[in-house]
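Engineer: Chains as they are written, first to last, in numbering that gives the first Met the number 0: chain A, 0 to 510; chain B, 0 to 520.
Among these hints, one or two may not hold up.
Below, a sample of chain A positions facing chain B; criterion: calculated Cβ distance under 10 angstroms [what the hints assert, rightly or not]:
1. F71
2. L107
3. A126
4. A423
Don't read these hints as lab results, they were simulated from the structure.
Predicted model only: the values in this text are computed from it and were never measured.
Glycine included, C-beta positions come from ideal geometry on N, C-alpha and C.
Listed below are the residues making up each chain.
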Amino acid sequence: MRDDLIRKVVIVGGGTSGWMAAAALAKILGAMPGLSIELVESEAIGTVGVGEATVPPIVLFNSMLGLDEMEFMRETHATYKLGIEFVDWARIGHRYCHPFGSYGLDMLGIDFLHHWLKGRELGDTSAFDEYSIATMAANANKFFPPTPEQPKSPLAKLAYAYQFDAGLYARYLRRYAEQRGVGRIEGRIVEVEQHPESGFITALRLDNGKRVEGELFIDCSGFRSLLLGQTLGVPFVDWSKWLPNDRAVAIPCKLGPDRKPITRSTARSSGWQWNIPLQHRVGNGHVYCSAYISDDEATEVLLANLEAEPLASPNQLRFLAGHRAKAWDKNVVALGLAGGFLEPLESTSIHLVQTGIARLMTLFPTRDFGEREIERYNRETVQQYVDIRDFLVLHYCATERDDSEYWNYCRNIEPPEGLAEKLAMYRSSGRVFGDQKELFTETSWEAVLIGQGIAPGGYHPVADLLPDDETLRRLASIRGTIAQTVAQMPTQEQFLESNGGAIDPAMRMFA
Amino acid sequence: MDDSDSAAAANHDIERVVIVGGGTAGWMAGAALSRFLNNGRRQIHLVESDAIGTIGVGEATIPPILAFNALLDLNENEFLRETQGTIKLAIEFVNWGRQGDRYFHPFGVYGQDLHGISFHQLWLRERGRGDPGPISDYCLSALAAADGRFARPSRESRAPLPEMKYAFHFDASLYAKYLRGRAERQGLQRHEGRIVQVHRDPESGDVTAVELESGERIAGDLFIDCSGFRALLIGETLGVGYEDWSRWLPVDRAIPVPTPNVGPPDPFTRSTAHGAGWQWRIPLQHRTGNGHVYCSEFIGDDEAEHVLRANLEAEPFADPRVIRFTTGRRKQSWSHNVVCLGLSSGFLEPLESTSIHLVQNGIQRLLALFPDRKISPLERDEYNRGMKDLYEDIRDFIILHYKATQRDDTPFWRYVRDMPIPETLERKIGLWKLHGRLFREGFELFGPVSWIAVMLGQNILPDRHDPIADTLDEGKVAMAMTEMRERYRAAAAALPKHEEFLRAAGAWAAGDVRPQAAAAR
Numbered sequence: 000m001r002d003d004l005i006r007k008v009v010i011v012g013g014g015t016s017g018w019m020a021a022a023a024l025a026k027i028l029g030a031m032p033g034l035s036i037e038l039v040e041s042e043a044i045g046t047v048g049v050g051e052a053t054v055p056p057i058v059l060f061n062s063m064l065g066l067d068e069m070e071f072m073r074e075t076h077a078t079y080k081l082g083i084e085f086v087d088w089a090r091i092g093h094r095y096c097h098p099f100g101s102y103g104l105d106m107l108g109i110d111f112l113h114h115w116l117k118g119r120e121l122g123d124t125s126a127f128d129e130y131s132i133a134t135m136a137a138n139a140n141k142f143f144p145p146t147p148e149q150p151k152s153p154l155a156k157l158a159y160a161y162q163f164d165a166g167l168y169a170r171y172l173r174r175y176a177e178q179r180g181v182g183r184i185e186g187r188i189v190e191v192e193q194h195p196e197s198g199f200i201t202a203l204r205l206d207n208g209k210r211v212e213g214e215l216f217i218d219c220s221g222f223r224s225l226l227l228g229q230t231l232g233v234p235f236v237d238w239s240k241w242l243p244n245d246r247a248v249a250i251p252c253k254l255g256p257d258r259k260p261i262t263r264s265t266a267r268s269s270g271w272q273w274n275i276p277l278q279h280r281v282g283n284g285h286v287y288c289s290a291y292i293s294d295d296e297a298t299e300v301l302l303a304n305l306e307a308e309p310l311a312s313p314n315q316l317r318f319l320a321g322h323r324a325k326a327w328d329k330n331v332v333a334l335g336l337a338g339g340f341l342e343p344l345e346s347t348s349i350h351l352v353q354t355g356i357a358r359l360m361t362l363f364p365t366r367d368f369g370e371r372e373i374e375r376y377n378r379e380t381v382q383q384y385v386d387i388r389d390f391l392v393l394h395y396c397a398t399e400r401d402d403s404e405y406w407n408y409c410r411n412i413e414p415p416e417g418l419a420e421k422l423a424m425y426r427s428s429g430r431v432f433g434d435q436k437e438l439f440t441e442t443s444w445e446a447v448l449i450g451q452g453i454a455p456g457g458y459h460p461v462a463d464l465l466p467d468d469e470t471l472r473r474l475a476s477i478r479g480t481i482a483q484t485v486a487q488m489p490t491q492e493q494f495l496e497s498n499g500g501a502i503d504p505a506m507r508m509f510a
Numbered sequence: 000m001d002d003s004d005s006a007a008a009a010n011h012d013i014e015r016v017v018i019v020g021g022g023t024a025g026w027m028a029g030a031a032l033s034r035f036l037n038n039g040r041r042q043i044h045l046v047e048s049d050a051i052g053t054i055g056v057g058e059a060t061i062p063p064i065l066a067f068n069a070l071l072d073l074n075e076n077e078f079l080r081e082t083q084g085t086i087k088l089a090i091e092f093v094n095w096g097r098q099g100d101r102y103f104h105p106f107g108v109y110g111q112d113l114h115g116i117s118f119h120q121l122w123l124r125e126r127g128r129g130d131p132g133p134i135s136d137y138c139l140s141a142l143a144a145a146d147g148r149f150a151r152p153s154r155e156s157r158a159p160l161p162e163m164k165y166a167f168h169f170d171a172s173l174y175a176k177y178l179r180g181r182a183e184r185q186g187l188q189r190h191e192g193r194i195v196q197v198h199r200d201p202e203s204g205d206v207t208a209v210e211l212e213s214g215e216r217i218a219g220d221l222f223i224d225c226s227g228f229r230a231l232l233i234g235e236t237l238g239v240g241y242e243d244w245s246r247w248l249p250v251d252r253a254i255p256v257p258t259p260n261v262g263p264p265d266p267f268t269r270s271t272a273h274g275a276g277w278q279w280r281i282p283l284q285h286r287t288g289n290g291h292v293y294c295s296e297f298i299g300d301d302e303a304e305h306v307l308r309a310n311l312e313a314e315p316f317a318d319p320r321v322i323r324f325t326t327g328r329r330k331q332s333w334s335h336n337v338v339c340l341g342l343s344s345g346f347l348e349p350l351e352s353t354s355i356h357l358v359q360n361g362i363q364r365l366l367a368l369f370p371d372r373k374i375s376p377l378e379r380d381e382y383n384r385g386m387k388d389l390y391e392d393i394r395d396f397i398i399l400h401y402k403a404t405q406r407d408d409t410p411f412w413r414y415v416r417d418m419p420i421p422e423t424l425e426r427k428i429g430l431w432k433l434h435g436r437l438f439r440e441g442f443e444l445f446g447p448v449s450w451i452a453v454m455l456g457q458n459i460l461p462d463r464h465d466p467i468a469d470t471l472d473e474g475k476v477a478m479a480m481t482e483m484r485e486r487y488r489a490a491a492a493a494l495p496k497h498e499e500f501l502r503a504a505g506a507w508a509a510g511d512v513r514p515q516a517a518a519a520r
């Protein structure tokens, strides 16, 4: 065997990203000969615990780790998430859903959207939402996992994610990682040692005098970006001209009567508010732009819009939208907030950590640190940030709101190039093209475009190959099948209860 | 959208599509468009002249052809009978890495991944310490090809048969004829005659009609240029330029010639490298297609023909003729209201049998972006971008075959070995050489299996296997690989012989008689 394998990985920071990385590396690299993995964290430093809501690929991440889904649900007080409901985004009083999974049924090789658009021209008034099993189930507080083995059932078109307590998730994964040999080192980092010539990081010095050496460092130090930003000086690429929100205030509250398996985002006059129902509480937060609203006002807006009494005092956060120019430089790879930040409007924070880990596994280096691999890692990471950014900006461009200075500003933001092209294509012909690797597929784009009222200029000519009455008949039949299927699904509570995923009822009372 | 808008939209529908040229590309387009765009109002026309010959490019294909045939609702056995078709499981490359080397580029996959680690990484690792045998021992398509066997995988087939992907060899002129029959039954109107003039709108510059010798004018809203190398509409009329790629792919001539079969047809294409080019061998039911593709800077036409003749298995049916070409692509595949398909849109040597795929992909892309009479620049740009990417992806993969050679026996091979290559390809080879990693970018046509086949087949080995592969236990991996190898060997041995399969399936054209002489052109 060649003697060039990495022998020591050091993860810096034990928040959600740090422990996700530790768990995944322990699982995948655990058997690599001569490799040890250590994680340095300090109990004195708090974690942000970003993103309690996730997107469907999280299911793959958990199953890669081999987690038992019901144990995970209990341990992290998780609920299912079938999509995001957007309230007041297109205009005040309007609501729509961005569901997981796909709409209707593709027919004649073309996307279902075109058949629905044709139906609308023929006078069918059904909403696009009625063709999404995820939306219909979420609205009825129903849940049942997808059944890919029955391709004809609408359930085959369902996808789901989770909403969980990120602090509990980190704790759960810490146990997992420690059981698999990850060493946890307590201490605050006071000095970073670099190789005098190459600039590679060689060791960390802690406040308790310990020295931690490593060959590959994973920077999960949060907004501070201790290794990548502070030590290696990789610059931050600022995207606030497209995404001007720069603050958030978060607070948990008791559960209200509303138990839908869905995240809700409600637009406010200078930002938006999240509502994430878990099994034991609801996570809330107000994301806003400090140029248009003060912190105190923002907190007032948040507190005035809770569905039940708060369980803690408000927690303030500051941030900037954007990313580090390179996520991997020399022997440092940044994950999570140390690598960049995008507001949680589409619940992508944890996903960015997860894909960063997957990409690192795919391109895992040897001690030579080949430039081609690092370059590829960085290129793919930036592309992913760009894809998500464009999808987020869409929510702000596609609005009719003109009731505040903030919305007047957002509505007129000049979209980035890729987004501008997508919008123009859709406006001219109703066509939505995704690139293969984009996280948000055609379904997601269609949900937001239709949801926020952007009218396409036409539908695909192939839809006309179905006779008009046949189009209407099929639309009605798809709607009907979805409604019937939803009626037979259990409620989320029943499903968790009967499968062992529900938490102890006493916990629900716990503040 | 309010009512007036939708009424206006209806008025902008394309009502007449005119296809110019009736070679393989023209009739493929004719069959697809008459099937999918016939809404009762729209007319599809095709203009061709019996006086103009067709090139009949690409008798060998790649697996996506199955999807195209399915789109047209062709019965596979009928299609094989009608086109004298055979099955293609791989391409065998002879003398490419070094003189005397041979390897398969198979359709399908190599082995089974273990714990998310690609099979080829396991193989590379095993190779470092033992003897796993050639990687083609772990590929059903390659094993079946080598032994001349085939059975059609179906949804019910047991593993590992579904791993076997296949394409076809066929007579491209018969394919065009077969598709013509279907297109005409689907309502396509064929016009016979040579085009003497192209009419354009003086303001927009769009093509409005083509005029025949007889004086007949065929008007259209959208024109499909399938006029071959001539590029009558896109090139001669609209003046869209051509991007020359001959600095990377310098071969510029081909001499095709058919020979009678000397045995049952092999289910693979063979490409044999010569001193200044290479020679194809494509076995059909009734004959074998051969051709020498070469670079005129390094060899004369007479000598090239001599090399070809010296490497045939039988006396040719017909006299060889020389075809000239320049590798490259039309800068825009869609300009104004003209979309070009086939040779008018570009040319890449048939080393990886991509000519028919380029036509098929252009048709499918056109259906996905089918315009109305306003012809939105957005849709046109999207089309052009997609075609450009496809051409460039294939270009890079073909260049790889030349670049990855150790041959230095002729000036031609020394030139291609030392030439600079596109940055995209440089990056790909660089990643492979580090740790054997390969990535499919976007919608790239050739995936990792294809790249692995050529890299390993032409002796380009990575410095090291993927370090992650070291997490697996050596003993267990070695055992799993031995089992796989045995399973593939047994599965291949259980398949019927290729010709037996075709006959039993009812895909054989003419009973027991090989209609050799009759097929000569």
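Engineer: With reference to the structure, classify each hint as holding or not holding.
Structural biologist: Evaluation of the provided hints:
For F71(A), the suggested interface contact is broken, since its CB lies about 21 angstroms from the closest CB of chain B, more than 10 angstroms. Nearest Cβ of chain B to the Cβ of L107(A): about 8 angstroms, under the 10 angstroms cut. The hint holds. With a cut of 10 angstroms, the hint placing A126(A) at the interface with chain B is violated, because the nearest CB-to-CB distance is about 16 angstroms. Annotation: interface hint on A423(A) holds; nearest CB of chain B at approximately 5 angstroms, less than 10 angstroms.
In summary, the structure is inconsistent with hints 1 and 3 from the numbered list given earlier, while agreeing with the others.
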